[in-house]
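Given the sequences, and given the hints that come with them, work out the whole structure.
Taken in sequence, the protein lines are chains A and B.
The working numbering puts the first residue of the first sequence at 1, with every later residue one more than the last.
The working numbering puts the first residue of the second sequence at 1, with every later residue one more than the last.
No lab work stands behind these hints: they were computed from the structure.
All of these numbers come straight from a predicted model, not from anything done at the bench.
Mixed in with the good hints there might be a few duds.
[What the hints assert, rightly or not] No farther apart than 25 Å at their CA atoms in a straight line, the calculated lysine-lysine pairs in the BS3-like style are these:
| # | chain 1 | residue 1 | chain 2 | residue 2 |
| --- | --- | --- | --- | --- |
| 1 | B | Lys60 | B | Lys251 |
| 2 | A | Lys244 | B | Lys250 |
| 3 | B | Lys364 | B | Lys20 |
| 4 | B | Lys251 | A | Lys249 |
| 5 | B | Lys466 | B | Lys75 |
| 6 | B | Lys406 | A | Lys131 |
| 7 | B | Lys445 | B | Lys466 |
| 8 | B | Lys445 | B | Lys406 |
| 9 | B | Lys422 | A | Lys72 |
| 10 | A | Lys242 | B | Lys364 |
| 11 | B | Lys308 | B | Lys406 |
| 12 | B | Lys466 | B | Lys143 |
| 13 | B | Lys239 | A | Lys244 |
| 14 | B | Lys466 | B | Lys422 |
| 15 | A | Lys243 | B | Lys250 |
| 16 | B | Lys239 | B | Lys251 |
| 17 | B | Lys239 | A | Lys243 |
| 18 | B | Lys251 | B | Lys75 |
| 19 | A | Lys242 | B | Lys251 |
| 20 | B | Lys18 | B | Lys60 |
| 21 | A | Lys243 | B | Lys466 |
| 22 | A | Lys249 | B | Lys239 |
| 23 | B | Lys466 | A | Lys131 |
| 24 | B | Lys83 | B | Lys143 |
| 25 | A | Lys243 | B | Lys251 |
| 26 | B | Lys474 | A | Lys131 |
| 27 | A | Lys242 | B | Lys474 |
| 28 | B | Lys135 | A | Lys131 |
| 29 | A | Lys242 | B | Lys406 |
| 30 | B | Lys324 | B | Lys310 |
| 31 | B | Lys474 | B | Lys250 |
| 32 | B | Lys406 | A | Lys72 |
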Amino acid sequence: MATTPKKPVARLEVKKTYKLYINGAFPRSESGRVYEVLTSKGVSVANPSLASRKDLRDAVVAARAAQSGWAKATAYNRGQILYRIAEMLEGRADQIANEISLATGVTSKKAHDEVLTAIDRWVWYAGWSDKLSAAFGATNPVSGPYYNFTIPEPQGVIAVAPAESFLAFIDAIAPAIVSGNTVVALVPGSAAIAAMTFAEVLATSDLPAGVINILTGSHDELAPWAASHMDIDGFDISGITKKKRADLKVAGAENLKRIHHFEGTPSPTRIYAFMEAKTVWHPIGV
Amino acid sequence: MTFEYAPAPESRSIVDIKAKYGHFIDGKFVTGKNHFPTINPATEEVLSQIALGGASDVDKAVAAAQKAYTKTWSKLSGKERGKYLYRIARILQERAREFAVLETLDNGKPIRETRDIDIPLVAAHFFYHAGWADKLDYAGLGKSPQPHGVAGQIIPWNFPLLMLAWKIAPALATGNTVVLKPAETTSLTALLFAQVCQEAELPDGVVNIVTGDGTTGSAIVNHPGIHKIAFTGSTEVGKRIARAIAGTEKKATLELGGKGANVVFDDAPIDEAVEGIVNGIFFNQGHVCCAGSRLILQEGIADEFIEKLKVRMAKIRIGDPLDKNTDLGAINSREQLLKIQELAGVGDLEGAQRWSPACTLSDKGFWFAPTIFTGVTQAHRIAREEIFGPVLSILTFRTPQEAIEKANNTPFGLSAGVWSEKGSRILWATQQLRAGVVWANTFNKFDSASPFGGYKESGWGREGGKHGLSAYLKEGK
Numbered sequence: 001m002a003t004t005p006k007k008p009v010a011r012l013e014v015k016k017t018y019k020l021y022i023n024g025a026f027p028r029s030e031s032g033r034v035y036e037v038l039t040s041k042g043v044s045v046a047n048p049s050l051a052s053r054k055d056l057r058d059a060v061v062a063a064r065a066a067q068s069g070w071a072k073a074t075a076y077n078r079g080q081i082l083y084r085i086a087e088m089l090e091g092r093a094d095q096i097a098n099e100i101s102l103a104t105g106v107t108s109k110k111a112h113d114e115v116l117t118a119i120d121r122w123v124w125y126a127g128w129s130d131k132l133s134a135a136f137g138a139t140n141p142v143s144g145p146y147y148n149f150t151i152p153e154p155q156g157v158i159a160v161a162p163a164e165s166f167l168a169f170i171d172a173i174a175p176a177i178v179s180g181n182t183v184v185a186l187v188p189g190s191a192a193i194a195a196m197t198f199a200e201v202l203a204t205s206d207l208p209a210g211v212i213n214i215l216t217g218s219h220d221e222l223a224p225w226a227a228s229h230m231d232i233d234g235f236d237i238s239g240i241t242k243k244k245r246a247d248l249k250v251a252g253a254e255n256l257k258r259i260h261h262f263e264g265t266p267s268p269t270r271i272y273a274f275m276e277a278k279t280v281w282h283p284i285g286v
Numbered sequence: 001m002t003f004e005y006a007p008a009p010e011s012r013s014i015v016d017i018k019a020k021y022g023h024f025i026d027g028k029f030v031t032g033k034n035h036f037p038t039i040n041p042a043t044e045e046v047l048s049q050i051a052l053g054g055a056s057d058v059d060k061a062v063a064a065a066q067k068a069y070t071k072t073w074s075k076l077s078g079k080e081r082g083k084y085l086y087r088i089a090r091i092l093q094e095r096a097r098e099f100a101v102l103e104t105l106d107n108g109k110p111i112r113e114t115r116d117i118d119i120p121l122v123a124a125h126f127f128y129h130a131g132w133a134d135k136l137d138y139a140g141l142g143k144s145p146q147p148h149g150v151a152g153q154i155i156p157w158n159f160p161l162l163m164l165a166w167k168i169a170p171a172l173a174t175g176n177t178v179v180l181k182p183a184e185t186t187s188l189t190a191l192l193f194a195q196v197c198q199e200a201e202l203p204d205g206v207v208n209i210v211t212g213d214g215t216t217g218s219a220i221v222n223h224p225g226i227h228k229i230a231f232t233g234s235t236e237v238g239k240r241i242a243r244a245i246a247g248t249e250k251k252a253t254l255e256l257g258g259k260g261a262n263v264v265f266d267d268a269p270i271d272e273a274v275e276g277i278v279n280g281i282f283f284n285q286g287h288v289c290c291a292g293s294r295l296i297l298q299e300g301i302a303d304e305f306i307e308k309l310k311v312r313m314a315k316i317r318i319g320d321p322l323d324k325n326t327d328l329g330a331i332n333s334r335e336q337l338l339k340i341q342e343l344a345g346v347g348d349l350e351g352a353q354r355w356s357p358a359c360t361l362s363d364k365g366f367w368f369a370p371t372i373f374t375g376v377t378q379a380h381r382i383a384r385e386e387i388f389g390p391v392l393s394i395l396t397f398r399t400p401q402e403a404i405e406k407a408n409n410t411p412f413g414l415s416a417g418v419w420s421e422k423g424s425r426i427l428w429a430t431q432q433l434r435a436g437v438v439w440a441n442t443f444n445k446f447d448s449a450s451p452f453g454g455y456k457e458s459g460w461g462r463e464g465g466k467h468g469l470s471a472y473l474k475e476g477k
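Following this line, the structure appears as structure tokens:
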């Protein structure tokens, strides 16, 4: 802990308590644990919650309960909510950039750019909601008197373990939810600060409770539980080092979880990776 | 007065089965070391001796496939690759009857099915994919999507040649080369297909076929020279493969088990639905991963429906698979028969009521009468586990929501069926059902242009149609 000033100041700053974001509420970790995030100079920034296996389970329950309703919302509606997230984030850009800068030590300019990029990503993904069927669906010319079409559908509950950065976190959750999945995000280390302020953006974006749930803490602790959880359908492990991916995939095989990692620029492939193609046949006749 | 069917056997003189087979590697048939018999499951007659592929055979096949990939196949234009596939499709059409008879002999399924369904679909699958070979830029995977390299493919015994086509046609069209292992009990049509590759003058090593059992398959899965795995089979083995490749860069598609629900609403056209239910579970002796093995009936029509179903089942002709009038052939192996008997026995023990029509089953070969269980609950093992035989579990429902909940109450998600005359209800149900293929007012229809594959524990990825191509390609620019 850095030393605190002994003398009273004219006005004492009211600091935020960083908690978790589960089912649209901000609970502390049931474990009562926190960890300290420090600036590069060793000054304490905050004590975010160190999420536990039980928190993960609670988040999965919330995500599962929210999933069918979110998937049932029209694509237009989902697109507008994602766009609304961009609007809300724009209003918080300075605050989040400041937090990124504090927690990671990057320049204020860099932190700002990161947030602006994140805002634009939300806008980009928002536009995908009602184009996925056009891009990933088909009507299939089968040899017989049948109407046959294929549509992409969300897989269900997706866990994401992004790398330790705000943009990596946004790049993992936006493509997962735009199709109608719900998400449990495992945000590591210093990325927790900006992510939890971002949860306040979500809370004011008309995003239904449970669609995005955010747990902060350690990948080493939480990712294996997410990989073996039988009610998680997919897992984005982009923030997990190569060496540690194999064990997660072995654990995920128990329910044949769709486990993927991504590099590079955003792509609709990242959306489709957590969708399933459904093909429907019906006879044609009088 | 009753009418009897006279026997109408298809001649087997069209096929020429050798006493012993080796592997097909680098364009040539090579002798194997150890062999095991392959039998006609309808008579237990030994048809031939099949080579048991070991690690060294797999090594040679992978090396041949790798060489063919780098030296010839990846250098060939899509247009020329496509022409090879068109050639193969044409030869398969010409030799269709030969393949149909051989498949029926080795697998036990009725000639009516191999002749009218399996083999025509095989030729269509090559023809369809032939056309993709020079049009991959339009597959929705960016400009110039690239093949993975060598595909290791492991297929089941229920649709031997059709599953070979589902694997080899897209792999070749997209520029990959192949090491394929047919199922232990049904290697003969794959080996005849190897002759077709020779006849089509397909470059050496593009298609390699190594016969054998699970150990051979495992050698393919674990071979470092394989870039992509395509497997069709049980969910248990699928999970094993997923674990085996967890630490590698290998891609995989898995087409696994199912416990398909066929939901019949009270406004369904009953006679058509009865026909569809029969086709859904008794097609191919129920050896179908997407079989409609759970019938979920709306309560008000349940009694009438089951009576009609029994009347229809009594007309199913079970017997010589080579007879053109046979509906239900032999169970593919003793092992599978024992599994079906065991699970049906569990159905009795758990309190469900078994019914089968009176029918005489031959003493020789492996047979199981078409069977239904009524009084089945969701907790019963026969409602949860894949039986992979001609056994139907019947449950009932009151509200549409209950039907969907029961249908989706399974770790599988391969297929589902819905029967109703009401359009909006059908579309609602097809939306709610969590399955990769949903048949509405029909069942068990397949087409090379139609993607096939499952949700949840029924597997990863799709085969067929535009969607099936992505399994064999890396995204382009």
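These are the hints, each one checked on the structure:
1. B:Lys60 <-> B:Lys251: Measuring from Cα to Cα gives roughly 21 Å; hence the hint holds.
2. A:Lys244 <-> B:Lys250: Roughly 16 Å separates the two Cα atoms, so the pair holds.
3. B:Lys364 <-> B:Lys20: It holds: about 23 Å lies between the C-alpha atoms, which stays within 25 Å.
4. B:Lys251 <-> A:Lys249: holds, 13 Å
5. B:Lys466 <-> B:Lys75: holds, 23 Å
6. B:Lys406 <-> A:Lys131: violated, 32 Å
7. B:Lys445 <-> B:Lys466: Answer holds: B:Lys445 to B:Lys466 is near 18 Å, not above 25 Å.
8. B:Lys445 <-> B:Lys406: Distance ~23 Å between B:Lys445 and B:Lys406 Cα, so the pair holds.
9. B:Lys422 <-> A:Lys72: It holds: about 21 Å lies between the C-alpha atoms, which stays within 25 Å.
10. A:Lys242 <-> B:Lys364: violated, 55 Å
11. B:Lys308 <-> B:Lys406: Holds, because 23 Å separates the two Cα atoms, which is no more than 25 Å.
12. B:Lys466 <-> B:Lys143: With Cα atoms ~15 Å apart, B:Lys466 and B:Lys143 stay inside 25 Å; holds.
13. B:Lys239 <-> A:Lys244: holds, 19 Å
14. B:Lys466 <-> B:Lys422: Violated: B:Lys466 and B:Lys422 sit about 30 Å apart, past 25 Å.
15. A:Lys243 <-> B:Lys250: Distance of about 15 Å is within 25 Å: holds.
16. B:Lys239 <-> B:Lys251: holds, 14 Å
17. B:Lys239 <-> A:Lys243: Distance of about 21 Å is within 25 Å: holds.
18. B:Lys251 <-> B:Lys75: holds, 22 Å
19. A:Lys242 <-> B:Lys251: The hint holds at about 16 Å.
20. B:Lys18 <-> B:Lys60: Holds - the C-alpha atoms of B:Lys60 and B:Lys18 are around 23 Å apart, at most 25 Å.
21. A:Lys243 <-> B:Lys466: violated, 34 Å
22. A:Lys249 <-> B:Lys239: This hinted pair holds, its Cα atoms lying about 10 Å apart.
23. B:Lys466 <-> A:Lys131: Distance ~17 Å between B:Lys466 and A:Lys131 Cα, so the pair holds.
24. B:Lys83 <-> B:Lys143: holds, 22 Å
25. A:Lys243 <-> B:Lys251: Between A:Lys243 and B:Lys251 the Cα gap is close to 17 Å, so the pair holds against 25 Å.
26. B:Lys474 <-> A:Lys131: With a Cα-Cα distance of about 22 Å, the restraint between B:Lys474 and A:Lys131 holds, given a limit of 25 Å.
27. A:Lys242 <-> B:Lys474: Cα-Cα ~20 Å, so holds.
28. B:Lys135 <-> A:Lys131: holds, 23 Å
29. A:Lys242 <-> B:Lys406: violated, 40 Å
30. B:Lys324 <-> B:Lys310: At roughly 23 Å apart (the allowed maximum being 25 Å), B:Lys310 and B:Lys324 satisfy the hint.
31. B:Lys474 <-> B:Lys250: Between B:Lys474 and B:Lys250 the Cα gap is close to 12 Å, so the pair holds against 25 Å.
32. B:Lys406 <-> A:Lys72: Satisfied, since the Cα-Cα distance of roughly 20 Å is no more than 25 Å.
In this structure, the hints that do not hold are numbers 6, 10, 14, 21, 29, in rising order.
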